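What follows is each chain in one-letter form.
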Amino acid sequence: MLLFILGIITVKTPAQLNSLAMQTYIFGAIVGIVGVIVATIIAKAIKFEGGANPKDPGKRRLWFWLLFFLSFSGFFLYNMFVVSETIASNLQSKFTTTNLIGSAISAGAYFIVGFALSKMFSTGKLGSWFSSKK
Amino acid sequence: MGTEKYFVIGIGGTGMRCIEAFTHLCAIGMFDNKEIDILSIDTDTNNGNKGRSEQLIDRYIRIKGGVQGKPTANSFFTAKLNIYKFAPEYSGNRLTYELISGLNAGSEDIKKDNKTLSDLFFDDDVQKFKLDHGYRAQTHLGSHLMYHCIVEAARNVSKGGKRKEDLELSVFLDKIYQAGENARVFILGSIFGGTGASAIPIIPKALRDAVKIKDKNAEIHAAAKFGCSLLSEYFSFNVPDSAQKKEQKVIADSNNFSRNSQAALMFYHADSTVKSTYKLMYHIGWPKRTDFSRGDTSTKTITGGGEQKNPCHISELFCACAAYDFFNKEEGLEQHDIVFKSANFQNDSFLFEFQDFLGEASAKEFMNRIGSFLAFSHIIINYEKGGMGEGGAENLVQKFKDYIPDYINLSNDEAKDIDEFVKAFAFNYDTKDNVIPGWLFQIRQSVDGPFLFHTDAFSSNQKQLKNFHIGKLFINDAHQFAKKGKLGIGTGDPYGEFRDTIQRDQTVKPSPEKQKVERLNERFLAHIYNTLTKLYKIVNN
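Residue numbers (the working numbering), protein chains in the order written: chain A, 1 to 134; chain B, 1 to 541.
Isolated chain B, as found in the complex:
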């Protein structure tokens, strides 16, 4: 296990949100001692979800100290992440399949032959629609184009091309090649939409072929392990009206998502190439569809671009959990398998427990880390007023200046990155004091019924949220602190107990040996992690 190299590829809008979930899992500290290379692939370069997830990873990388950062352990932000961004060039004379394929080039005979061949596979409208908002659920076209754009990028680089996206893909390919048999590659995306569904079946082959194109003597090791999520439909959006259908000609219709999923699953179950390339496929589904139109009653479908910034959903977290399982699996990777698990489902809603996410063995670690990170977010945003226009992490550092003088040297930029990350993770307030749900809040909102923590921890009422008692984050009494007892004994002040513990308790000091924290902000984060771990009494640190 020690020599394994880890790679994550997120494809399409849903893939981007899965990467977002994966990054948050890394932030809470679930990937100790690992360096993970992430490749984001989207045809829609301006996609709001792509921008959001890449911004999140960029911030994560800055918190980890950039290129020089190192993996750490038993803390927050333990994995070292590297991001590579690839997007096919779909603009100008490469905006449609027709233009890319050069159907109108050459002699009349060649044009005719090309057109006839294309017509065998694709409708005329499919050949002519603009690709800059993705493949619009046309997976037969998407698979073809995605394969070729990856191969073409490798060809461009081998010829000395300098396109930034191609170069980033090339570095990623080199890393998989260099990892040899120790490479574990996990692919995140949906199987019901356009880009992700198109790419999942062809990615392993495309990567192998691209590596060979770059260097004919090189190849991805036959024992390199590929895994992926098979995420079936879990959301819907405004169905296009006849006017939009007429204008766009080809457009994704969420009414077809179930059929798309079914067709994709049948294909994966039967296709020999898929079976030979993927070791594990994690089938992830949701019993009902969440409406992503967010109350918008228009009859327009947002096809992509900056407007496409869909909220996060717990299914995406499960995809990230699948990646965790794949990366930590020591057995069961010899043969192709499609795996799934289920959770307690009653009265039309899931009753999730911590063990449902990363399994029984990691349940306590997951509980401690996600809970501590949520509590840390509350401290920064509420207690230290990071959500009220102040610098939350900076304020906390100032509190420690007489006790832990080192932290005073934490730069404002580093403190700000911590602030912005926890706001993206948990919540923030707008200028009118309304609660802006972050990732975990959106995850919680996608689940009916109870969800892991005290309900008030996710309140949409700003007053209730600001006064939330972080000592009562967990429902189980054994993991609460700063409670007022029956006789009124006890501080009832969780922030006070946190401050008391971190300032006075020598046992919560970060350990450079065990936690491998060298940089100042890593020590700061480890100190907070140790303190909250001690207070919640879920695991022994």
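Excised from the complex, chain A in its bound form:
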């Protein structure tokens, strides 16, 4: 961010871009996992509701997909508007592909970890993420 504000270009060569790409993929996976952790905390904080029409499973599901969207789109936009500005203009088009792959990794990590957690703890609150319950 600071580099962007200062207008400093740090990625000037293809080798540096390759290194950045690897960091982006790893960072994407981390963002996805952090997103799932946040979704887990929120899911746990949503209380079970009684009655014939409990809203809690729907709320957990809504938050899960909202965070899915926010994490991968946030990561994509961050790369596009923040990280891209630190890359030399002749390499920026290549980074667009890297960004797309990184965001896909973020979304994939989020989805796979979320799905696994939901199935592992299917009898608990996380089970609401992938269940037929309203």
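Quick caveat, the hints were computed from the structure, so don't treat them as lab data.
Bear in mind that the values here come from a model prediction, so they are computed numbers and not experimental data.
Computed list of lysine-lysine pairs in BS3-like fashion (alpha-carbon distance at most 30 Å, straight line): (1) A:Lys59 with B:Lys484; (2) B:Lys514 with B:Lys175; (3) A:Lys55 with B:Lys432; (4) A:Lys47 with B:Lys423; (5) B:Lys212 with B:Lys275; (6) B:Lys162 with B:Lys175; (7) A:Lys55 with B:Lys463; (8) B:Lys85 with B:Lys416; (9) B:Lys205 with B:Lys85; (10) A:Lys59 with B:Lys472; (11) B:Lys537 with B:Lys516; (12) A:Lys55 with B:Lys484.
Given the coordinates of chain A, assemble chain B onto it according to the supplied hints.
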């Protein structure tokens, strides 16, 4: 102990409320592995208390699976109950003593002799009052008539009579006879009123004679054990005014209840028949009288009928506890004895502890079971909105459909019976959201000062009651759950912890071997019982 057969007889309006208390003790699970035959006897067939207690038992029996039901253990609704309903025929040409005894039948000489003999024992008004609202505290008449109506019922059946009440009594008699020396019969009723007070002294003899009438070669085993409650006065109601006294001629006056109790106790203490028939008599009393007129300022006494639906009182629970003691006693049944115990009484109120009800040895079990059943009631009525027009148990079952799919097959009727039972046990809301006190709430209201659980668990304020934290049901910190700690750590969500535990914890699953639960709703109830038992940490399940 294993071969013992258990029988409970509830007599009169107070006896009916004692049966109600007994049924609730069974519902919380205090009678594991037992099959209990209950006989309700009331002269007043339309009595509101009789209707309420019989309806409760009928519902209990449906929850247990009807005739096919079996006793279970370590759960709710563990005892198997069978109900038999007997009522003397007091209508038409059998409405008064005069009519039943046929005082006006036969020749003039016979009529005169009969009348003279009757006058020796009974006032003229007593001979002529209508019996369909009970014996109206005329125990000398009541004992005579109750004995004869039981004997007469046996005679009718032996002659092929088909009167439903007589047939039910007959089946009950057969069961006591078949139980032989293993029969334990406990009789519940008051000693200060009419029907119960009349029947307690004569019931063992009447049953023995009735069995012989049905089959001259049969008899109730000499070693069959009889016990009873000696419940002295604990309530009062509107005293009849002179107009009602004039109209009714014979009417129970609650001002006389103390004297009635005293006379009855003196009789039981001295009477050789009572001493030879009863092994244990549990003397139960209350230091002051609860007003059953419920704010009604009229000067009319409700003599009986559907209007007589008096609230429940803790004395009746103690009668049910006496039955528990009698059924579980292994020693001390050799000789006749009158027993009593007392509790901590300070500043004009009792400070009850769990051990005061069923004794030290059963205190933890009682605490766990009654507390868990009360918590279960809160879950069904409040959290699952059973008290707000929804199906509470059905809603809970729906929650489990992804985790415990079996329960989804619990029928709506079974779920509804569970709902209605817990409402009768604890509380309900009316259409204006006012709290309608159930049995335990009425019991609590009959006690001044603190009562076993957190005060808010019995709040009459619907908002406070709806928000009650079931994790804080017990006053002792060691038996609380879902608390928020000093640093704000902890869920503070008791319903959430209940759901989390029942859905995720494999150790709370019902055990067909230990709990003997076969039927679906028994497994459902056992699952809930295990969960709450684990959360409250009172006993190790």
